[in-house]
Amino acid sequence: MAEHVIKLPDVGEGVAEAELVEWHVKIGDLVREDSLLAAVMTDKATVEIPSPVEGEIVWLGGEIGETIAVGSPIVRLKVAGDGNAAAGAAREVKPEPAASRAKNTPTPDPSPQGGGGPPAAAAGKPQRPVSADGEGTQTGSPSPLRRGVRGGGVAAKPATAGAPRPEGEKPLASPAVRLRARETGIDLRQVPGTGPAGRITHEDLDGFLARGPQPARPAGLAQDTSVQEIKVVGLRRKIAEKMALAKARIPHITYVEEIDVTALEELRAALNKEKRPDRPKLTILPFLMRAMVKAVKEQPGINALFDDEAGVIHRHGAVHVGIAAQTPSGLVVPVVRHAEARDLFDCAAEVNRLAEAAKAGIATREELSGSTITISSLGAMGGVATTPVINHPEVAIVGVNKIMVRPVWDGTQFIPRKMMNLSSSFDHRVVDGWDAAVFVQRIKALLETPALIFVEG
Amino acid sequence: MKEISCKLLVVGAGPGGYVSAIRAGQLGIDTVIVEAKKPGGTCLTIGCIPSKALIHAAEEFDIVRRAASNGNGLLGISAASPAIDLAKTVAWKDGIVGRLTSGVSGLLKKARVKTVHGWARFRDGKTVEVETETGIQVIRAETIVIATGSVPVELPSLPFGGAVISSTEALSLKKVPGSLAVVGAGYIGLELGIAYAKLGSKVTVVEATDRILPLYDSELAKPVAKRLAALGVEVLLGAKAQGLAGAGDLTIAGADGTERRLAAEQILVAVGRKPAVEGWGLEELDLARAGAFIRIDDQCRTSMRGIFAIGDVTGEPMLAHRAMAQGEMVAEIVAGHKRSWDKRCIPAICFTDPEVVSAGLSPDEAKATGRELKIGLFPFSANGRAMTRHGEDGFVRVVARADNHVVLGIQAVGQGVSELAAAFGMAIEMGARLEDIAGTIHAHPTQGEAFQEAALKALGQALHI
Chain A
1 MAEHVIKLPD VGEGVAEAEL VEWHVKIGDL VREDSLLAAV MTDKATVEIP
51 SPVEGEIVWL GGEIGETIAV GSPIVRLKVA GDGNAAAGAA REVKPEPAAS
101 RAKNTPTPDP SPQGGGGPPA AAAGKPQRPV SADGEGTQTG SPSPLRRGVR
151 GGGVAAKPAT AGAPRPEGEK PLASPAVRLR ARETGIDLRQ VPGTGPAGRI
201 THEDLDGFLA RGPQPARPAG LAQDTSVQEI KVVGLRRKIA EKMALAKARI
251 PHITYVEEID VTALEELRAA LNKEKRPDRP KLTILPFLMR AMVKAVKEQP
301 GINALFDDEA GVIHRHGAVH VGIAAQTPSG LVVPVVRHAE ARDLFDCAAE
351 VNRLAEAAKA GIATREELSG STITISSLGA MGGVATTPVI NHPEVAIVGV
401 NKIMVRPVWD GTQFIPRKMM NLSSSFDHRV VDGWDAAVFV QRIKALLETP
451 ALIFVEG
Chain B
1 MKEISCKLLV VGAGPGGYVS AIRAGQLGID TVIVEAKKPG GTCLTIGCIP
51 SKALIHAAEE FDIVRRAASN GNGLLGISAA SPAIDLAKTV AWKDGIVGRL
101 TSGVSGLLKK ARVKTVHGWA RFRDGKTVEV ETETGIQVIR AETIVIATGS
151 VPVELPSLPF GGAVISSTEA LSLKKVPGSL AVVGAGYIGL ELGIAYAKLG
201 SKVTVVEATD RILPLYDSEL AKPVAKRLAA LGVEVLLGAK AQGLAGAGDL
251 TIAGADGTER RLAAEQILVA VGRKPAVEGW GLEELDLARA GAFIRIDDQC
301 RTSMRGIFAI GDVTGEPMLA HRAMAQGEMV AEIVAGHKRS WDKRCIPAIC
351 FTDPEVVSAG LSPDEAKATG RELKIGLFPF SANGRAMTRH GEDGFVRVVA
401 RADNHVVLGI QAVGQGVSEL AAAFGMAIEM GARLEDIAGT IHAHPTQGEA
451 FQEAALKALG QALHI
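For the record, the sequence lines run as chains A and B.
Just so we're aligned, residue 1 is where the first sequence starts under UniProt numbering, counting upward by one.
Just so we're aligned, residue 1 is where the second sequence starts under UniProt numbering, counting upward by one.
Bear in mind the hints are in silico, worked out from the structure with no lab data behind them.
Just to be clear, a hint being listed does not mean it is correct.
Straight-line distance between alpha carbons at most 30 Å, and here's what the computed DSBU-like set of lysine-lysine pairs gives [as the list claims (entries may be wrong)]: (1) B:202 to B:226; (2) A:170 to B:343; (3) A:26 to B:374.
To give an idea of the chain A side of the interface with chain B (calculated C-beta under 10 Å), a few residues [said to hold, decoys possible]: (4) 170; (5) 174; (6) 175; (7) 178; (8) 183; (9) 185; (10) 188.
Partner residues aside, some chain B positions facing chain A, computed with beta carbon under 10 Å [said to hold, decoys possible]: (11) 337; (12) 339; (13) 342; (14) 343; (15) 344; (16) 404; (17) 405; (18) 406; (19) 429; (20) 431.
From a predicted model like this one, the values you see are computed outputs, not experimental measurements.
Heads up, the beta-carbon is just placed ideally off N, CA and C, and yes, glycines get one too.
Assemble the whole structure, with the sequences as input and the hints as a guide.
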């Protein structure tokens with residue numbers, strides 16, 4: 001037997017450290033080759049760390065929420081044969097280049113892992129399921145890393161036994177335990193089982209009896225003095241840091257303007273009615289993106305990144321539009337690259353694709369970073385006005401509020417018009433109020449007379 | 001005659017009734033039990049026990065007979081002109097039954113249970129009249145347990161009487177019939193059919209369905225079918241017994257529609273059993289029914305307060321050990337204990353040759369739950385003890401859940417496997433996983449090793465195959 005050390009691999013270009021968001025194993029677990037050990041998060045992508053060898057976990061290199069430097073040991077395993085610890089040779093997991101990873105290309109296992117335990121080591125004895133956690137047992141993919149934003153990444157669950165019994169499953173218990181439960185008036189369905197396959201033991205009954213029956217809920221209103229402690233880790237911590245940075249550094253100016261989208265909505269309805277089946281259904285977003293492309297052409301200072309430490313503004317020719325999106329695990333901003341080079345339907349298709357990927361947690365790090373300007377839209381939940389927070393180090397964000405039919409005075413009478421507000425925030429250090437107003441007014445003009453969006457030159 | 005009042009009255013002293021009464025007596029309940037015949041019921045007097053005695057005698061005779069016919073046989077044993085005096089065999093069997101019935105009487109007495117001999121009839125939900133030798137005895141009880149059992153099903157075309165007999169008469173024949181027709185290839189028909197074939201009868205089995213032992217899967221029935229053929233028992237599948245023609249000839253409609261006459265000295269009708277719900281005043285109680293059976297809940301309570309029912313009269317499986325477990329539970333409920341039916345399995349055994357055991361779910365029943373399964377089968381042809389017993393046919397089969405390896409069912413077929421029922425039932429009742437069975441040392445050399453190997457096989461780690 002020998003020790004094998006697994007170090008945090010280089011998980012992406014220019015990433016020096018990563019936050020530990022989930023352990024799939026605990027000390028004493030037996031893992032097989034390719035079993036998942038842990039999940040770490042860099043920027044906004046989660047990377048799964050698999051085991052390159054078979055062995056028993058003897059040491060874990062950190063708590064959930066800790067930040068770990070690339071190259072630091074994260075797991076020590078007891079393996080059969082020669083380990084890599086005694087020899088001092090760094091046989092860490094070597095991920096393949098990031099580019100091929102982003103495309104999710106299955107690549108053969110890069111294996112400078114000579115010290116790994118021979119797979120036959122455990123063949124003779126009854127195998128134990130490696131982990132109770134269904135996710136952690138098999139990777140199925142030969143690639144040593146699995147990446148993507150994962151919904152479960154925030155709420156790390158401990159890999160202990162006594163998992164809740166599935167709905168409708170009969171409790172498993174010996175006749176003696178069943179008899180004792182009946183005599184003490186315990187409904188075994190209420191008792192968590194810690195034995196093999198969730199079997200309820202006499203000790204489980206003891207524990208349940210010691211804790212006592214859950215008190216019945218009193219009728220009527222009652223004070224709730226409970227306090228839940230939720231550790232801010234993973235994506236939630238990234239969001240918190242980013243928001244604090246943006247609000248602390250950037251003096252926001254928010255400008256709200258109302259836009260008559262009656263004509264735009266008519267055009268949109270007509271296009272959707274006659275659209276080819278291979279084309280995506282249009283929302284307001286692609287029109288707004290195209291309008292923004294036109295508006296920033298005239299106001300290049302709006303489509304820029306402000307490196308305030310260096311004191312340099314980078315004005316970008318490319319318009320990479322970030323779309324703030326809600327996912328089950330929190331806010332992410334997938335990026336539609338080069339909106340200036342995409343037509344209306346292309347923009348729409350890309351927004352749909354990215355939204356799906358972000359919701360499914362399979363968006364890549366590249367797809368979630370690199371925007372030059374951002375749109376924030378809550379659709380029907382958009383409210384009347386918002387104060388959007390700029391996506392640092394950008395200098396502008398356009399917030400879309402909900403469309404409402406409002407009475408508008410046309411000079412002689414009130415007529416119903418479809419009205420929508422845009423709430424846009426700007427970095428007032430580098431964008432003057434006048435320039436912000438000109439930018440928004442230009443978008444207003446384009447959206448109110450949508451034909452102008454499609455006029456070139 | 002003076003009325004008797006008691007806390008608990010048990011109607012029927014079969015395995016369900018007498019166990020219930022003994023347990024109630026032990027718990028200090030003032031208990032009366034009524035039985036028209038001897039205590040022990042079908043099981044003890046005309047079922048399980050006497051049939052096993054007859055089967056054992058037939059097996060012993062068959063061994064000697066085979067040795068005699070082979071000259072110097074395979075095992076090196078020779079014998080000369082063996083003979084059987086069935087009347088003596090039956091007398092020996094009756095001796096065993098007698099010892100057991102008087103044993104039960106003694107146990108009832110020891111538990112301070114009062115036994116009333118006679119036929120009971122319900123007057124209402126609290127009162128029973130018993131026709132005793134000395135007159136009508138009225139018994140009033142706070143709680144009543146109905147344990148009337150079951151009776152053989154009679155075929156309208158073949159009413160019992162004369163050459164047509166039920167299992168009861170088949171256990172008390174005075175001489176071995178030269179030819180025996182058995183109608184029904186369920187476990188009762190085959191157990192007795194095989195016994196008489198071994199005793200020297202020419203046995204023909206007539207079965208209406210297309211297979212023998214229709215309650216067991218075909219994999220389990222196959223070694224039995226093979227043995228029937230070796231014993232010279234003719235099995236007519238898809239054939240219907242039509243009735244009697246002339247001098248004891250049985251007319252049979254074959255699967256192909258042709259009619260056939262079968263000369264048979266005795267005709268054993270073993271087409272099943274039905275609950276005994278007639279003649280004791282069930283109509284006075286108007287209890288809810290489940291088909292022909294009395295409907296019960298998970299505490300064996302009927303639809304009338306204070307009236308319980310246990311055993312064959314309450315439904316399938318009609319097995320003595322089910323009735324005993326119910327009887328014990330009901331007595332404890334009456335004594336104020338908290339009990340309800342929570343058994344995970346009721347093992348079932350066929351004392352055919354080879355024997356068949358089943359506990360828990362069969363592979364098909366397990367598949368019907370929609371779960372992924374692991375099934376391990378270990379043949380006795382790879383088991384040393386089975387070889388030395390000269391009984392290599394059969395296997396042990398374990399059915400488990402693929403996700404957590406909890407064992408759902410265990411079946412076996414083979415010589416002497418009935419004794420494995422204890423281990424099988426225990427494993428399922430304890431919620432064993434495949435690893436628990438695989439990790440238990442099974443003594444060598446025994447047929448039980450096949451149980452461990454079947455579990456190992458399901459885990460993909462069988463050692464001896």
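For each hint, the structure was consulted:
1. About 17 Å separates the Cα atoms of residue 202 of chain B and residue 226 of chain B, which keeps this hinted pair within 30 Å; it holds.
2. The straight-line distance between the Cα atoms of residue 170 of chain A and residue 343 of chain B is roughly 12 Å, inside the 30 Å bound, and the hint therefore holds.
3. Between residue 26 of chain A and residue 374 of chain B the alpha-carbon distance is near 28 Å, which keeps this suggested pair within the 30 Å criterion.
4. Because the beta carbon of residue 170 of chain A sits about 8 Å from the nearest beta carbon in chain B, less than 10 Å, this interface hint is met.
5. Hint on residue 174 of chain A holds. Least Cβ distance to chain B is approximately 5 Å, under the 10 Å limit.
6. About 5 Å separates the beta-carbon of residue 175 of chain A from the nearest beta-carbon of chain B, less than 10 Å, and the hint is met.
7. Annotation: interface hint on residue 178 of chain A holds; nearest CB of chain B at approximately 5 Å, less than 10 Å.
8. With 10 Å as the threshold, the beta carbon of residue 183 of chain A comes within range of chain B, its nearest partner Cβ sitting at about 6 Å, so the hint holds.
9. Taken as an interface hint, residue 185 of chain A checks out: its beta carbon lies about 7 Å from the nearest beta carbon of chain B, inside 10 Å.
10. Satisfaction of the interface hint for residue 188 of chain A is found here, the shortest Cβ-Cβ separation to chain B being roughly 9 Å, below the 10 Å cut-off.
11. Annotation: interface hint on residue 337 of chain B holds; nearest CB of chain A at approximately 7 Å, less than 10 Å.
12. With 10 Å as the threshold, the beta carbon of residue 339 of chain B comes within range of chain A, its nearest partner Cβ sitting at about 7 Å, so the hint holds.
13. Interface restraint check: residue 342 of chain B against chain A, minimum CB-CB distance 5 Å, threshold 10 Å, status holds.
14. Of the supplied interface hints, the one on residue 343 of chain B holds, with its beta-carbon coming within about 8 Å of a beta-carbon of chain A, less than 10 Å.
15. A distance limit of 10 Å between C-beta atoms decides the matter here; for residue 344 of chain B the minimum to chain A is near 8 Å, and the interface restraint holds.
16. For residue 404 of chain B, the interface hint holds, the least distance from its beta-carbon to any beta-carbon of chain A being 4 Å, beneath 10 Å.
17. Satisfaction of the interface hint for residue 405 of chain B is found here, the shortest Cβ-Cβ separation to chain A being roughly 7 Å, below the 10 Å cut-off.
18. Interface hint at residue 406 of chain B: satisfied, since its Cβ lies 5 Å from the closest Cβ of chain A, which is below the 10 Å cut-off.
19. Interface restraint check: residue 429 of chain B against chain A, minimum CB-CB distance 5 Å, threshold 10 Å, status holds.
20. Satisfaction of the interface hint for residue 431 of chain B is found here, the shortest Cβ-Cβ separation to chain A being roughly 4 Å, below the 10 Å cut-off.
Every hint from the earlier list agrees with this structure, and none is contradicted.
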